[in-house]
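So the sequences go chain by chain: E and Z. If you're matching positions, the first sequence starts at 1 in the numbering used here and goes up one per residue. If you're matching positions, the second sequence starts at 1 in the numbering used here and goes up one per residue.
Watch out, some of these pointers could steer you wrong.
The following label-pair restraints were derived from C-beta to C-beta distances [stated by the list, open to error]: (1) THR341/Z <-> SER499/E: 53 to 59 Å; (2) ALA584/E <-> ARG332/Z: 30 to 36 Å; (3) SER499/E <-> ASP491/Z: 36 to 42 Å; (4) ALA145/Z <-> ARG196/E: 32 to 38 Å; (5) ARG538/E <-> GLY372/Z: 35 to 41 Å; (6) THR472/Z <-> GLY416/E: 18 to 24 Å; (7) HIS358/Z <-> LEU483/E: 40 to 46 Å.
Since the hints were derived computationally from the structure, they do not count as laboratory data. Heads up, the beta-carbon is just placed ideally off N, CA and C, and yes, glycines get one too.
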Amino acid sequence: MPETDWDEGREIRMTDSRTALTRLVGYAQPHVKGLLVVVGLAVLYVGAQVLQPWLVQLVIDKDLLVPHPAFEPILLLALLYLGVTLVGLGANLVQNRRLQWIGQRIVRNMRQDLFSHVESLAMRFFDTHATGRLITNVSSDTTNVSMFFTQFLLSVIQDGMMLLLVMGAMLALNWQLALMSFLVIPVIVLISVLFRKKLHQSYQYTRTQFSRLIGYTAENLGGMRITQIFHQERKQFQLHTELNRRYTGGNINEYRWSVLFNRSFDALGNLSVALMVWLGGLAVLHHGIEIGVLFAFTSYIRQFFQPINSLTQNWNTLQSSLVSAERIGGVLLEEPEIQDAADPVPVRWDRDGRAAVRGEVAFDHVSFGYVPNQTVLQDVTFAVPPQSFVGFVGETGAGKSTLMGLLTRFYDVQQGHITVDGVDIHRYRQHELHRMMAIVQQDVNIFSGTVADNIRLFRPDVTDQAVQEAAEIAGADEFIRKLPGGYEAWLRAKGANLSLGQRQLLAFARALTFNPKILILDEATASLDSHTEMVLQRGLTRIAEGRTTLVIAHRLSTVRDADLIFVMDQGQIVERGSHQHLMAQDGLYADLVHRSVPDTMAAL
Amino acid sequence: MKPQDLMRSFLGSHRWAYVLAIVAIGGAEFLQVQIPHVLGQFINRLKAGATPYTVEHYALALAFFAACYVVAFGLGQLLMGQLARMMEYDVRQVLFRHWERLSSHYFQQHSVGDLLNHTLTDVTRVRQALSQGINQMSQAVFLFAATLYMTLGTINVELTLLSLLPLLLIPAVIVAMGPRVRMRSRRVQEALSDMAERAEESFLAIRLIKATSNEDTENGRFAGLANEVLARQMKLVELNTLFQAILPMLSGIAFTVGLLLGGYDVIHHVISLGGFVAFSAYLAMMVQPLMQFGRVINTFQNASASLVRLQVLLRVEPTIVDPAEPVRRDWRGEVTITHLTYRYPGSDARVLDDATVHIPRGSVLGIVGRTGAGKTTLLNLILRDYDPPPGTIALDGTDILDLRLEDLRELIAYVPQDGFLFSATIGENIAFSMPLVVPEAVERAASQSHILDAIREMPDGIHTEIGERGVTLSGGQRQRTAIARALIKSDARLLILDDSLSAVDTRTETDILRVLRRARGRKTTIIAAHRLSALRDADHIIVLDHGAVVERGTHEELLRAGGLYAELFRIQMGEEVGVHA
C-alpha cells in the first residue's frame with residue numbers, strides 16, 4: 001500500500017503487507033492457546049444467539065398450534081431460552097475479556113520493542129526522521145495494530161460464525177426457502193462495499209479539513225498577539241471562515257452519506273421481511289412449512305444484516321492496522337548504523353568509576369559530511385593533551401559541533417582517525433567510550449521528574465549523596481536548595497520552571513555525576529544574560545579541573561584563557577594558538593573579536 | 001453573545017426546519033410500529049386460512065410501510081444533523097472572533113491546549129447533543145409511545161406491563177454506568193498521552209541519552225508507562241464488557257417473561273397467535289428507545305457541562321479597550337515615559353519602578369539589563385499589550401490610553417523576541433500587515449533584513465511554505481523574517497525591536513544594523529538587547545535593574561561611569577573571566 005501523507009522527514013521504508021502480517025502473527029504466537037479458547041467461546045455465544053429464534057419457533061409450532069396446548073412444555077422451553085441466553089452472554093463476556101487481555105499484551109510488547117529499538121538507532125536516523133512521526137509510531141500506530149486483534153479478529157470470528165450458523169439453521173428448517181433467502185446476501189454485501197468506500201472517503205476528507213481548522217486555530221491562538229499588534233484580525237478571521245466552511249461542508253456531506261447508508265440498510269432489512277412474508281406465506285398455504293418456521297425465517301433474515309455490516313466495517317480496520325503494521329515494520333527494519341568492533345579494546349575502571357585513561361584526544365586527517373558530496377569537515381588534524389582546556393571558535397556552520405559528534409561516535413568519520421589515548425575510538429565499545437566522556441549541550445533537556453532524577457538521569461545506581469556532591473561542585477546546589485522541595489522539586493519537560501542559566505548549571509551537575517575524563521561543552525546560548533554567564537563561567541572552571549575539556553565557544557570570552565584555541569572556518573582549522581598569539585596574528589580570530597563588541601571599544 | 005442566546009436565535013431562525021424534522025421522525029415511528037401489527041394480523045389470517053391474494057396483500061402492505069418509514073425517518077434525521085452542523089459552524093465562528101478580541105493577559109493565563117479543548121471537545125459535544133441528542137430523543141419518545149400504544153391497545157395490558165419491567169432497568173443501567181465507563185476511558189487516554197510524552201522527551205534528548213549510554217534506563221522508564229497503559233486498558237475492558245453483557249441480559253429476561261406469559265395467554269385464548277408474534281416483535285422494538293433514553297441523558301449531561309464552559313469563555317471581556325473619545329491626528333513619534341511603575345495584574349511585584357525616559361522623535365533608544373529586569377515589559381506597555389497606569393506613557397504629549405488601539409498599533413513596527421511566524425509562505429509572512437502589497441515591496445523589506453538571499457535559495461522563492469511556526473527556518477532566519485515583517489510598514493512612526501538579533505551571528509547583526517540605520521528614516525527606534533553590540537547605534541542607552549532605570553547616557557558615558565553597564569560590558573569582553581584547566 002503506497003504511503004502518501006508523509007510531509008516531513010525521510011520516508012521510512014515500509015515492509016509489504018505480508019511481512020507486516022507475519023510480524024503480527026509472530027507477536028501472537030505465545031497466545032495461540034488463549035486464542036483457541038476465544039474461538040471456542042465465540043462459537044458458544046453465536047450458537048446461543050442463533051438458537052433463540054429456533055426456540056420461539058418450537059413454542060409456536062409444537063405447543064401453540066396443536067389442538068390442545070399445554071403450559072408445561074412452554075415453561076420448559078422458556079426456561080431453556082433464558083438458560084441459553086445467559087450461557088451465551090457469559091461466554092461472550094469471558095471471550096471478550098480474554099481477547100482484549102491478549103491483544104493489549106501484544107501491543108504492550110510491541111511498544112516496548114519498538115521504543116528500545118528506536119533508542120538503539122544511530123544519530124543519523126534521528127537527523128532524518130521527524131520526532132513527531134516516531135512518537136506516532138510508538139503510540140497511535142501500535143494502537144491501530146492492536147485493533148487487528150481486538151476488533152478485526154473478533155469480528156471475523158463472531159460475524160463469520162454468525163453468518164454460517166444462521167444459514168445453517170435456515171437450511172435445516174427449510175432448505176428451499178433458505179436458498180431463496182440467501183439471494184439477499186449479495187445485495188447486502190454490494191451495498192456495504194459501495195457505501196463503505198464512499199463513507200471512508202468522506203470521513204477522511206472531513207478529518208483532514210478538521211485538523212486543518214484546528215491547526216489554524218491553534219496557531220492563531222499562539223500568535224494572537226502578533227495578529228493584534230499588526231491589526232490583522234479581519235484577514236485571519238476570513239481565513240478561519242474559509243477553513244470552517246470547508247470543514248462544515250465536508251462534515252455535512254459525510255453525514256448525508258452515513259444517513260443514506262443506514263437508511264438503505266434499514267429499507268433493505270424491512271423489504272426482505274416483506275419478501276419473506278410473501279414467499280413464506282405462499283409456502284405455508286401450500287403446506288410446505290409451518291407458521292413457526294415462517295416466524296423464525298423473518299427473524300433470521302434480519303440477522304444477516306448485522307454481521308455483514310460489521311465485517312465490511314472491520315475491513316477498514318484491517319486496512320489501517322496493516323498500514324500501521326507496515327510502518328512499524330519499517331522502523332524495526334532499520335539497523336543501528338554504528339556498531340561495536342568485533343574485538344573491542346577493554347577499558348579499565350578505577351574504584352570511583354572513572355575510566356583509567358589519560359584523556360588525550362587526537363584527530364588525524366579527519367573528513368566528514370552528513371550527506372554525500374557535502375563536506376562539513378575537511379582534513380582536520382589536531383591533538384589535545386591530557387587534562388588541557390581547549391576552545392573551538394568560528395562562525396555558525398564552521399563545523400565546530402560536528403567535531404564533537406564525531407568524537408562521541410554519533411557519526412562515524414569518512415576519512416582519517418580519531419583516537420583517545422592513541423586508540424582509535426572505533427575499537428572501544430560504544431558504552432565504554434561514552435562513559436569516558438560527558439557532553440553538555442546548548443539545549444539542556446529536562447525530563448519530567450525531580451531535580452535529583454534529572455541529574456542522575458533516573459539511574460538507580462547513583463545515590464542522592466553523589467547527586468548532591470555533583471551539584472555542589474557544579475555550583476547548582478545553591479539554586480536547587482531554593483526551589484520548593486529542593487532536590488525533590490518536580491520539573492516539567494516543557495514547562496519553563498528553570499531559567500536558562502539554571503538549566504545550564506543542572507547540565508553541569510549531570511555531566512559531573514558520571515565522572516568523565518573528557519568533558520565536551522557546547523557552550524550556552526547568546527540569550528543568556530552576561531551576569532548569568534559569569535556565574536556559569538565560575539562553575540565551568542571548577543568542573544573542568546582534572547579533565548580534558550573541549551569547549552565550543554559562542555562568546556569568545558569563554559575561551560580567552562584556554563590553553564589552546566582552534567579557529568575554524570568552512571570545515572577547516574585555519575588558526576591555532578593562545579589568545580595573545582592569535583590576537584597578534586591579526587587574522588580571523590582577531591576579526592571575530594573586533595566584531596563582537598561595540599565599535600568604540602573594539603581595540604583590546 | 002452568550003451560547004444560550006446563540007442557540008436560541010439559531011433555533012428561532014430555523015424553527016420550521018426543526019418542526020418539520022420532528023414531525024418527520026414522529027410520523028416515521030408511527031409507520032414503523034405498524035409493521036409488527038401487520039405481521040401479527042398476517043399470521044392470524046394464515047392460521048385461519050388464506051388465499052395467495054391475501055399473502056400478496058400483506059407483503060405489499062409491509063413493503064409500503066417499510067418504504068414510507070425509511071423515507072420519513074431519513075428525512076428527519078438528515079434535517080436534524082444538517083442543522084446541528086450549521087450551528088456548529090456558527091459557534092466556531094463566534095468563538096474565533098471572540099478570541100480575536102481578547103487581550104494578551106488572557107492568552108498568558110491560558111495555554112493554547114486548554115483553549116483548543118473548547119473548540120475540540122466542547123463545540124463538538126454541543127453539536128452532538130443537538131444532532132444525535134434531539135434526534136434520538138424524539139425517535140425514542142415517539143417509538144416508545146407508539147409501541148406502547150400498539151401493545152396496550154391491540155394486545156394485552158398485563159402482558160405488556162410485566163414484560164416491560166426488566167426493560168425499564170436499561171436506561172437506569174446506562175445512566176449509572178455511562179459516566180464510569182467514560183471516566184475509565186479518560187484514564188486510558190491520560191496514560192496514553194503520558195506514554196507519548198515520555199517517548200517524545202526521550203527522542204528529543206537522544207543525544208544526551210546516547211552520550212551517557214543511558215538507553216537501558218530509558219527503556220525501563222518507558223516500559224513502566226506502557227504497563228500502566230495496559231493496566232488501565234484492562235480496567236476499562238472489565239467495565240465495558242460487563243456493560244455490554246448486562247443490556248442484552250435484561251432484554252433476554254424480558255423476552256423470557258414475554259414468552260411465558262404470551263404462551264400462557266395464547267393457550268387461554270386471551271390473545272391470538274398473531275398477537276403473540278406481533279408482541280415479540282414489539283418487545284424487540286422497545287429495547288432500542290430504552291437504550292437511547294440512557295444514552296441521550298449522558299449526551300445531554302456532557303453537553304451541558306460543555307455549554308457552561310463555553311459560557312464562561314464567551315463572558316470574558318477584553319481588558320484593553322478603546323477610549324470613549326479617541327484622539328486622532330497626525331503623529332510624529334515622540335515617546336515620553338513618566339514615573340512609570342507597573343505591576344502585572346494579580347501580582348505585587350513591581351516589574352517597573354518609577355521609570356522615566358524621554359525618546360525624541362527620530363532618535364534611537366537602547367535598553368539593557370539582566371533577564372527579568374523589565375525590558376520586555378516596558379516595550380509591551382508601549383504596545384498596550386497591557387495598559388500602563390494613566391498619564392505614564394505619552395505619544396507626542398498625548399496619553400497613549402487616549403488613542404484607539406488600532407491607531408496606536410498602526411504607528412508601530414514591532415519585532416518580537418521569539419520571532420513568531422505563521423504557517424504560510426515566507427512572502428505572506430513578510431507582507432502580514434499589508435496583504436495587497438506589491439512583490440517588490442516584500443523583496444525590499446526582505447533585502448533590508450538580509451533574508452532575501454536566503455529566500456532566493458528556497459525551492460519556491462518568496463512563495464515557499466515555511467511550515468508550522470516557521471519550523472523550516474533557522475532561528476536567525478526567523479528573526480530576520482520578523483524584522484522584514486516590521487520594516488514593510490514603512491509608514492510606521494515607531495520601530496520596536498525586542499532582543500530581535502540574538503540568534504543572528506555578529507556579522508549579520510552588523511549588516512542589519514547598518515541597513516536599519518538607513519531604512520528607519522525618521523522613525524523613533526527602541527532596541528532592547530542582551531548583546532551590547534546590538535546597541536552600537538543607540539543615541540541614548542538606559543540600564544534597567546529590577547525595573548528601575550539605574551543608569552542612562554551614551555555608551556562612552558556609561559562606560560566611564562563604571563556602573564552596571566560597564567560591568568556587563570566587561571563580562572562580555574571577557575576581562576574578568578579566567579578559565580584554566
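Okay, the hints, checked on the actual structure:
Evaluation of the 53 to 59 Å hint for THR341/Z and SER499/E yields a failure: the beta carbon distance comes to about 25 Å. At about 51 Å, the CB distance of ALA584/E to ARG332/Z disagrees with the hint of 30 to 36 Å. Taking 36 to 42 Å as the suggested C-beta distance range, the pair SER499/E and ASP491/Z conforms, at roughly 39 Å. For ALA145/Z and ARG196/E, the Cβ-Cβ distance of about 35 Å falls inside the hinted range of 32 to 38 Å, so the restraint holds.
For ARG538/E and GLY372/Z, the Cβ-Cβ distance of about 20 Å falls outside the hinted range of 35 to 41 Å, so the restraint is violated. For THR472/Z and GLY416/E, the Cβ-Cβ distance of about 33 Å falls outside the hinted range of 18 to 24 Å, so the restraint is violated. With their beta carbons about 41 Å apart, HIS358/Z and LEU483/E fall inside the hinted range of 40 to 46 Å.
Violated hints, in rising order: 1, 2, 5 and 6; the structure is consistent with all others.
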